[in-house]
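Enquirer: Which chain is which? The protein sequence lines are A and B, in order.
Residues in the first sequence are numbered consecutively from 21, following the working numbering.
Residues in the second sequence are numbered consecutively from 119, following the working numbering.
Check before you lean on any hint, since a few could be wrong.
Stated by the list, open to error - Sample of chain B residues with no beta-carbon within 12 Å of chain A, all distances over it, derived:
# : residue
1 : A133
2 : L136
3 : S149
4 : N154
5 : G155
6 : N156
7 : G168
To be verified - Simulated restraints on C-beta separations:
#  : chain 1 : residue 1 : chain 2 : residue 2 : range
8  : B       : E121      : A       : A29       : 32 to 42 Å
9  : B       : G168      : A       : L72       : 58 to 68 Å
10 : A       : A135      : B       : L206      : 54 to 64 Å
11 : A       : P80       : B       : T183      : 52 to 62 Å
Said to hold, decoys possible - Sample of chain A residues lacking proximity to chain B, with all beta carbon distances greater than 10 Å (derived):
#  : residue
12 : A31
13 : L35
14 : I41
15 : F96
16 : G161
Rather than coming from a laboratory, the hints here were simulated on the basis of the structure.
Ideal placement from N, C-alpha and C gives every residue a C-beta, glycine not left out.
As a plain string of letters, each chain reads:
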Amino acid sequence: MSVEPLDAAAAQEHLEMVNRILAESQQRLCSGGEHFVVWGIGSAYITVLFQLVHGGLLPPAAAWSVPIVIAACAVFSIVRGRQTRRVLQRSSLLQREFFNVLWLTLGLAFVVDVAVFNIFPGLASAAIWSVAEAIVLLYIGMHGNRRAQIAGVLVIVSLVVANFASPGIAGYVLGAGMLVGYAGFGASELLARE
Amino acid sequence: MDELLLSKVRLGVVAELLNYDWVTFSELVRSLDTTNGNLGAHIVKLVEAGYVDEEKSFVNRRPLTRYRLTPRGRAAFADHVAQLQSLLKAAP
Chain A
21 MSVEPLDAAA AQEHLEMVNR ILAESQQRLC SGGEHFVVWG IGSAYITVLF QLVHGGLLPP
81 AAAWSVPIVI AACAVFSIVR GRQTRRVLQR SSLLQREFFN VLWLTLGLAF VVDVAVFNIF
141 PGLASAAIWS VAEAIVLLYI GMHGNRRAQI AGVLVIVSLV VANFASPGIA GYVLGAGMLV
201 GYAGFGASEL LARE
Chain B
119 MDELLLSKVR LGVVAELLNY DWVTFSELVR SLDTTNGNLG AHIVKLVEAG YVDEEKSFVN
179 RRPLTRYRLT PRGRAAFADH VAQLQSLLKA AP
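In isolation and in its complexed conformation, chain A is listed as follows (with noise of 0.2 Å):
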């Protein structure tokens, strides 16, 4: 291939064309806040109900929802997940990173809900659930995003709380925690959207 070399104005020109790309491609995350909502409102639900059958104000039989409503938010997300993949014009590579980040924390929070519920029985699985919604926040405030910072905050906060509280509302806490906190974010990342 026969091209004329760079002189140095073009090579200046050149280099201010990176460099205004490069800065135009410093986006933030974009975190899609309907998958913090479904998730959101699915751990509150399920650490509520297993509060409301520990305190025996529902039958043990009604923890069989919890399967259901996992199956469901998981669902939602792959779903949810591949339409927007294909609708997006631009995928970073930061946000590949994120979802990396995203899929390992909730799914170990899941192996340890369906597989180590001898090691982290009751309200301590719940309490898991609520450490991995805080990593994935703070990650997220990590990149800048203020809400998810003090999102991530909300579900820390909660946690102690719920530790301190007493057993017949710990459950409770950790719930509000979840809704308030994660599916909170969600919503407001959506409204941001908008």
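Chain B: place on chain A using the hints.
Expert: Frame of chain A, contents of chain B only:
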């Protein structure tokens, strides 16, 4: 210097792809403010050189072509930009 990246359009394509996983053809046309024909002619050279991966699919029955930078393209871009910077430093 990398002769393939001496073209401003091709250098622009690689820079556009640098921070993204995949970028569609139409989005590249829009961001680089060029024409379909011009971009198509340049991008085919980047694909042939192994700097860029191309993926063709159909979304809602409409064709969608998108591109992703390869590790080879990423390394070539870094070398080329370093050489541009050296050229500028050496200039009187």
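Enquirer: Is the Cβ of F96 of chain A farther than 10 Å from every Cβ of chain B?
Expert: 20 Å, holds
Enquirer: Confirm or reject: A31 of chain A is not an interface residue toward chain B, with every Cβ-Cβ distance exceeding 10 Å.
Expert: Given a closest Cβ separation of 5 Å, the condition is violated.
Enquirer: Far enough from chain A: is every CB of that chain over 12 Å from the CB of L136 of chain B?
Expert: Per Cβ check, L136 of chain B is inside 12 Å of chain A; nearest 7 Å; violated.
Enquirer: Does the claim that L35 of chain A lies outside the interface with chain B hold up, using a Cβ gap greater than 10 Å?
Expert: 5 Å, violated
Enquirer: Using the beta carbons of G168 of chain B and L72 of chain A, state whether their distance is inside 58 to 68 Å or not.
Expert: 59 Å, holds
Enquirer: G161 of chain A: least C-beta distance to chain B exceeds 10 Å?
Expert: 20 Å, holds
Enquirer: Can you tell me whether the CB distance of A135 of chain A to L206 of chain B sits inside 54 to 64 Å?
Expert: Cβ of A135 of chain A to Cβ of L206 of chain B: about 58 Å, so the range 54 to 64 Å holds.
Enquirer: Can we confirm that no CB of chain A comes within 12 Å of the CB of A133 of chain B?
Expert: At about 4 Å from chain A, A133 of chain B fails to clear the 12 Å cut-off, so the statement is violated.
Enquirer: Beyond 12 Å on every Cβ pair: is that true for G168 of chain B relative to chain A?
Expert: 15 Å, holds
Enquirer: Verify this label for me: I41 of chain A is non-interface relative to chain B, using a Cβ-Cβ cutoff of 10 Å.
Expert: 4 Å, violated
Enquirer: Taking 12 Å as the cut and beta carbons as the points, is N156 of chain B off the interface with chain A?
Expert: 15 Å, holds
Enquirer: For G155 of chain B, is the shortest CB-to-CB distance to chain A above 12 Å, so the non-interface label stands?
Expert: 20 Å, holds
When held up to the earlier numbered hints, the structure conflicts with 1, 2, 3, 8, 12, 13, 14 and fits the remainder.
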